[in-house]
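S.K.: Given next are the chains, with one letter for each unit.
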Amino acid sequence: MVDFIVGHFNYWVIITLMMTGLYVIISTGNLVKKLVGLGVFQTSVFQLYITLSKVAGGRPPIFDKLPGYGTETKYGAAVDPLLGVIYSNPLPHVLILTAIVVGVSTLAVGLALVVRIREAYGSIEGDDIDEAEYKIEIASS
Amino acid sequence: MNFIEMITNAGGGHLLANAPALVVAIPLIAGAVAVVLGHGKLAWVWSVLIALVTFGFSLILLQSVLGGETITYAMGNWPAPLGITYHIDALNALLISLVSAMALLALLYGWPMVEREIDPKKHAMFFGTFLLCVGGLIGVAIAGDAFNVFVFLEVSSISTYVLVAMGAQKNRQALTASFNYLILGTIGATFFVIGVGLLYMATGTLNMADISRILADSEGNRVVRAAFAFIVIGLGLKTAMFPLHTWLPNAYTFSPSMIGVFLASTATKVAFYILIRFLFSVFHAGASFETAMFDFVLAPMAMVAMIVCSVQASFQSDVRRLLAYSSVAQVGYMLLGLSLGTAAGLAAGLLHMFNHALMKGALFMAVGLAGLGLGITRVNELRGLGKTMPLVAAGLTVAGLSLIGVPLTAGFISKYYLVIAVLERGWWWAVVAIVVSSVLAIFYVGRMIEAMYLQNPPTPSAAHESDPPIQVRSPVLSMAALYVLVIGSVWFFFDPSLPKGLADTAAGLLIGGGGL
Amino acid sequence: MGLDVSFDIFIVIDLIIMSMLLVVGIALVRLNNLFAVVMLYGVYSLLAAIWFVSLDAVDVAFTEAAVGAGISTVLMLGAMLLTSREAKPTPALRRWLSLGVVGVTGMALFYATFDMPNFGDANSPANSYVGLQYMYDTITEVGVPNVVTAILASYRAFDTFGEVVVVLTAGLGVMLILGIGTTRTRDGESPQSGDETTQSAPPVTTVLATENHHIVLQVVAKILIPIIVLYALYVQFHGDYGPGGGFQAGVIFASAVILYSLIFGMDETRRAIPAKVVQFGTALGVLIFGGLGLVTIAMGGKFLDYDVLTAADPILGQHVGILIIEVGVLVTVASVMLSIYYGFAGRYRELKDQDW
Amino acid sequence: MIDIMPYLEILRYVLAGALLFGGAVFMIIGAVGMLRLPDFYARIHAAGITDTLATVMLIAGMMLHSGFTQTTAKLALVAIFLFLTSPTATHAVANAAHKAGLKPRLGKVQPPHPRDKMKGAK
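In order, the protein sequences belong to chains P, Y, U and X.
Heads up, the first sequence is in the numbering used here, so the first residue is 103 and it goes up one at a time.
Heads up, the second sequence is in the numbering used here, so the first residue is 55 and it goes up one at a time.
Heads up, the third sequence is in the numbering used here, so the first residue is 3 and it goes up one at a time.
Heads up, the fourth sequence is in the numbering used here, so the first residue is -17 and it goes up one at a time.
Hints are computed from structural coordinates only; laboratory data are not their basis.
Wrong hints could be hidden among the right ones.
Here are the computed distance ranges between Cβ atoms for each label pair [as the list claims (entries may be wrong)]:
| # | chain 1 | residue 1 | chain 2 | residue 2 | range |
| --- | --- | --- | --- | --- | --- |
| 1 | Y | N275 | X | H27 | 50 to 60 Å |
| 2 | Y | E504 | U | K278 | 49 to 59 Å |
| 3 | X | F50 | U | L318 | 29 to 39 Å |
| 4 | Y | E169 | U | R273 | 27 to 37 Å |
| 5 | U | M22 | X | M(-13) | 33 to 43 Å |
| 6 | U | L318 | X | A58 | 31 to 41 Å |
| 7 | P | W114 | Y | S371 | 42 to 52 Å |
| 8 | X | I62 | P | W114 | 34 to 44 Å |
Distance condition first, Cα-Cα at most 30 Å in a straight line; then the derived BS3-like pairs of lysine-lysine [stated by the list, open to error]:
| # | chain 1 | residue 1 | chain 2 | residue 2 |
| --- | --- | --- | --- | --- |
| 9 | U | K278 | Y | K224 |
| 10 | U | K278 | U | K224 |
| 11 | U | K278 | Y | K176 |
| 12 | U | K278 | Y | K95 |
| 13 | X | K56 | U | K224 |
Heads up, the beta-carbon is just placed ideally off N, CA and C, and yes, glycines get one too.
Modelling step: build the complete structure from the supplied sequences, incorporating the hints.
M.R.: In C-alpha cells form, the structure reads like this:
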C-alpha cells in the first residue's frame, strides 16, 4: 500500500497541476492569464513524461567516458560498461525538449495576438471584447 | 563521390524512392526560401512552383499505393522503433494528394485576394507561412510515429493561427478568432500529447505500427483506455467534432479568402484522417470499450452536429459563416460514417471527406471572388449575382447543389453510400438525421441560390457610384481554380472510381488488420 | 523490488518540490494581479526545472529554465506591459462550469493511474523497451556520449527538424502579426499625461539608456555580454558531451543580445544586428538543417542519414551531421527569439513612472 | 612524522559542511527578512544577504566538498558570475524603485497606499 502511494504520488500531483492549468484556461476571461494557464498545463504534461523516464537509482543518460566503439558486446540492463551505473530513460527527455520548444512558439504567437487585440479593442478581457463585437453586430443589422 | 554520380543518383529512381521525405521536406524548406526571397510576387510564383512539385511527388506516392500496397520510409535510415518512419497506404496517399492539390489551387486562386487583403511588405512571409502550413499538414498525414504527428500537427496549427490572424487587415475579429483557435487548438494538441504519453507508458514505443502490435497482444488496461479518450478529444478539437467546434466558424469567416479556401478543404480533413488512423490502426476498433464509445458518444454527437449546425447555418447572415457552420455539419457526416465501425461506413465517410473538400473549396472560392468583385460578405448581398457575375454564380450553385447532395453531383454519391452503410448497420434513425440535415441544407443553400437568380441586382447607389459594379474583374487564374473544383464536383459523380476505389481499399485495410 | 536508501532521500526531495509546485499552482488560480501571475509562472517553471534535474532530465531542465523561466516570462511581462495589469475575477457560474470540465478530465486521468507503473520502475514498458535500446545502441551507432543529443539529433532528427520549423513559424507569425523593425506608438490610446511625448515616443529602452542612472549596468553588461556569448558557444559545442545543444545555445545567445538592447537601447541593437539580418537568420537555420537532409539524399542515403556523409567512417559522419544540424538549430532559434523580441520591443510606448 | 592528509581531508568535509550550513542559515534569515521587514528598501537588504553572502558560502562549501576537480572550476566561475551580477541586479531594482518615486518608510505612521485610498473612496 505504502509502495503504491509513494509510487503513484507523483502522478496524482501532476494530474492536479494539469487540471489547475486547464482550469485557469477555461475559467478566466483574461487573455494573458489564459496563456499563463496554458503554460502551466503544458509544463505539467512535460512533468508527466519526465516522471515516467526516471529509473530508481539512475543517473542522467550521459556517458562519462565513451567506450571504444565497434565492439560486439551487448550489456545487461542500462548500465555503463565502464562504470556499472544505471541510467534514466533518455527518450522522454528528447520528446519533452521538442515539446517545450513547441510550447514557447505557441506562447509567442499567442502573446503577439494579445498585443494586437489590445490595440484593436482596448481590452484583454474576453467578455469586454465579446460585448464590443456584439454592439457592432447589433448596430449593423 | 564525384559530382556526376551525385546527379545520376539524384535523377533516377533514388529520387523517387525518397519521395515520402521530399513531399514533406520540400514545402518546409521552400517556405524558408520564400522568406529569404522577400519580393511578394516572386514568392507567389515560387510557392506555385513548389506546390506543383509537391503535387507531383504526391501523385508518385498515390500511383505506387493504388493497388493496396504500403510504403514504409525510415527517416535517417534508422529502423522502425528507434527512428521515425513514414507510412503511406491508400488512406493517406489520397489525403496527401488532396492537400497538395488544394494548396496548388488555393495558390493559383489566391494572388488577387492576397494582393488586396495583405500588406505588400508581408507577402513573402505570408507565402512562406502558407508553405510551412502545407508541409505541416502533409507531415501529419504521412507520419507513422505518434510523436511526430504531434510535432507536425503543431507546425500546421501554429501557421494556421498566424494565417487566420492575417485577416485582421480586413476585420479585427480575425484576431480574436485566431486567438480562440490558438487556445482551443493548443488544448487539443496537449490532450493529444497526454494520450501519446499514456500510450508510451503502456507500450514503451512511439511507432504507431509498433504500438498497434503491442496493443493487439495485450488486453487493454486503464492507461490505454484513458489514452484513447484523450486522443479522441484532442483530435476531436482539431476535427471540429460537435461540441468542440466553437473555434471553427469565426476562424473560417475572418481568415483571408485564400486561407479560408485552403483551411475549409484540408485542415479538418487531415485531423479527421489522423483520428481514423488512431481509432482503427493504433487502437483496435473491435474492443468493446471502443465500440461503446462509437455507439454512444461519436454517433449521437455526429447526428446532433448534422442537425444543430445545419440549423445554425440557416440563420447566418454572413455567407462565409454559413459555409463554416455547414462544414461542422459535414464533419458530422464523416464522423457518422466512422462511428459505424464497418468497412462500408468508413469508406463512405472517407469518400464524403474527399467530396466535401472539393465542394467546400469551390464554395469558399466563389464567395471570395464575389467578395473581390463586389465586396459581398452577406447572403442578402448576393442578390442578382447570377446577372452580375454569372460564372461565379454558376460555380457557387453547382457546388451548393453538391453540398445538398443532389443527383449528378459528387455529394450525392457519398451520401448515397453513407445511407447504404447506415442501413446495413440497421440504424434507421441515422437515416432520418441524414434526411433532416439534407433538407436543412436545401434551405440554406437555397437562400443563396434564390438571392442570386430570383432577385434583381442592387441598383448602384450614390455611395457606390465610383465603383464599377457590373464590369467586375474576374481574374482568369482564380476562375480556373474555381472551375477545376466545380468540374471535379460533377466529374466524381459520373466516375467516382478513383476516390471510391481508394476509400474502399483504405477501409478494407483498416478494418481488416489494423493497416499499419 | 526494494528501493535503496539514496532513492528514499530522493523521494523526500521529490515530495518537497512537488508540494511547492502545488502551492504555486493554486496561488496562480487565486490571484488576479497579472504581474504576480506572470512572476509565479516564472517560479513555477523554475521549480519544474529543478525538479527535472532531480529526475535526471538535465537537458530538459536546462531548456525549461532557459525557456520557461527565461524567455516565456520575459515575453509575458512584455505583453503585459503593453496591455493591462489586472484580470477581472471569474464569474461564479463559469467557475463551476470549468470546475466540472476539469473534474471530469481529472477523474479520467486519475482512473488511469491505477494501472500506471510505480515511480522509478526500471521494468516498466517505457523504461525497458525502446528507451533502453537507445542506451545500448548509441555507443556503437552514433558515438556521442550524451544519449539525449544522439536521439535528438540523429535517431529522431526529423522531429527536431519539425521543431525548428515550428520555431520558424512562430518567428514568422510574430513578424507578420506585430511587424519587425518598426517603432510605433499605440494609436487610439488616450494619453493621460504628457500629450507631447506620446506623439514621437522613443522605445522605452532608448529612454532608459539615456539616463545616467545606468552607468553601473552598462559597465557590468560590457563585461558580461562577451562571457554570455562565449557560454552560448560552449553550450552549443559541448552538447555532444554534456547537457546543451543548439536550442539552449540559441536562447542564451539571444538573451545576450536582449541584455545589450535593454541597457544600450534598441537603436544601438538594430544597428548592430539589423532586422533584415534577423529575418534572414530565421530562414537560414531551417535551410541549413533541411539542406543537409537534401544533401544526404543526393549522396545516396535517406533524408538526414548522416552515415553517408563520410564514406569511410559512419561514426564520423554522424558527428559531422549532428554538428551541422545543431548549427542550424542555433541560427534559427537565436534569430527567431530576436525577431520576437524586436517585434514586441517595437511596440513599446514610453513607460511612465506610474506604469510601475 | 604524522601523516596529516587524512586529518586535512576530514577538516575539509567539516569546513564544507559548516559553510553549507551557514549558507542555509543565511538563506533562511534572508527569506524571513523579505517577509517581515516593513518596506521595499529594507527588504532589499534582506534579499542582498541571500544573493551574496549565503550564495557565496554555499558555493564555497560545495567547492570544498568536491575537491580539486572540474566541478570546482565551474563553481568558481559561477561564483565570479554571481559576484558581478547579484549586486548589479540589486542596484537595478533599487534604482528602478527610486526612479518610480517609491519613498522609504521613515516614521511609525505609514501613509495609506494609493490603491487602498481608492478602495476607501468606493
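S.K.: Now, for every hint given, state plainly whether the structure supports it.
M.R.: Here is how each hint holds up against the structure:
1. Y:N275 x X:H27: 50 to 60 Å: Holds - the Cβ-Cβ distance for Y:N275 and X:H27, about 57 Å, lies within 50 to 60 Å.
2. Y:E504 x U:K278: 49 to 59 Å: holds (53 Å)
3. X:F50 x U:L318: 29 to 39 Å: For X:F50 and U:L318 the Cβ distance comes to about 35 Å; the hint holds.
4. Y:E169 x U:R273: 27 to 37 Å: holds (34 Å)
5. U:M22 x X:M(-13): 33 to 43 Å: Roughly 42 Å apart at Cβ, these two residues keep to the hinted range, so it holds.
6. U:L318 x X:A58: 31 to 41 Å: holds (35 Å)
7. P:W114 x Y:S371: 42 to 52 Å: holds (50 Å)
8. X:I62 x P:W114: 34 to 44 Å: holds (43 Å)
9. U:K278 x Y:K224: Cα-Cα ~27 Å, so holds.
10. U:K278 x U:K224: holds (25 Å)
11. U:K278 x Y:K176: holds (13 Å)
12. U:K278 x Y:K95: holds (19 Å)
13. X:K56 x U:K224: holds (22 Å)
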